[in-house]
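K.L.:
Sequence:
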Amino acid sequence: MGQRYQSPVVGTIYHMDLYRLGKPEDLAQIGFEEYLDSGFCA
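Counting from 1 along the sequence shown, just add 17 to a position and that's the residue number in this note's numbering.
Possibly wrong hints are sitting among the right ones.
Here are the computed distance ranges between Cβ atoms for each label pair [claimed, not checked]: (1) PRO25 - GLN46: 31 to 39 Å; (2) GLY48 - GLY28: 14 to 22 Å; (3) PRO25 - ALA45: 29 to 37 Å.
These are computed hints drawn from the structure, not numbers from a lab. Everything numeric in this text was worked out from a predicted model, so none of it was measured. Ideal Cβ positions, reconstructed from N, Cα and C, are used throughout, including at glycine.
All chains, full assembly: derive it from the sequences and hints.
P.N.:
Rendered as C-alpha coordinates:
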(Lines of atoms letter the chains of each structure in order from A and count residues from 1; the text may use other names and numbers.)
(Lines give C-alpha, C1' and ligand atoms only; values in the text may rest on other atoms or scores of the structure.)
Protein backbone atom coordinates (compact mmCIF):
# COMPACT_ATOMS: atom_id res chain seq x y z
CA MET A 1 0.00 0.00 0.00
CA GLY A 2 2.66 2.49 0.97
CA GLN A 3 5.76 3.63 -0.82
CA ARG A 4 8.95 2.96 1.11
CA TYR A 5 11.95 5.28 1.09
CA GLN A 6 15.27 5.10 2.93
CA SER A 7 16.55 8.17 4.75
CA PRO A 8 20.04 8.45 6.22
CA VAL A 9 18.55 10.55 9.03
CA VAL A 10 15.42 8.66 10.18
CA GLY A 11 15.72 5.29 8.44
CA THR A 12 12.67 3.91 6.68
CA ILE A 13 9.93 6.34 5.64
CA TYR A 14 6.52 5.21 4.39
CA HIS A 15 4.28 7.43 2.28
CA MET A 16 0.62 6.41 2.08
CA ASP A 17 -2.31 7.94 0.27
CA LEU A 18 -4.83 7.23 3.01
CA TYR A 19 -7.52 9.31 1.33
CA ARG A 20 -8.08 6.27 -0.90
CA LEU A 21 -9.50 4.31 2.04
CA GLY A 22 -13.26 4.22 2.39
CA LYS A 23 -13.55 4.03 6.16
CA PRO A 24 -11.27 4.05 9.23
CA GLU A 25 -11.66 0.28 9.66
CA ASP A 26 -9.76 -0.17 6.38
CA LEU A 27 -6.56 0.79 8.24
CA ALA A 28 -6.59 -2.57 10.02
CA GLN A 29 -6.99 -4.42 6.72
CA ILE A 30 -3.83 -2.87 5.25
CA GLY A 31 -1.79 -3.53 8.40
CA PHE A 32 -1.38 0.15 9.25
CA GLU A 33 -0.18 -0.54 12.80
CA GLU A 34 2.67 -2.64 11.43
CA TYR A 35 3.78 0.32 9.31
CA LEU A 36 3.76 2.56 12.39
CA ASP A 37 5.88 0.09 14.33
CA SER A 38 8.45 -0.37 11.57
CA GLY A 39 9.22 3.14 10.30
CA PHE A 40 8.36 6.82 10.02
CA CYS A 41 5.03 7.52 8.30
CA ALA A 42 4.55 10.67 6.28
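K.L.:
Determine which of the earlier numbered hints do not hold for this structure and return their numbers in increasing order.
P.N.:
The structure breaks none of the hints.
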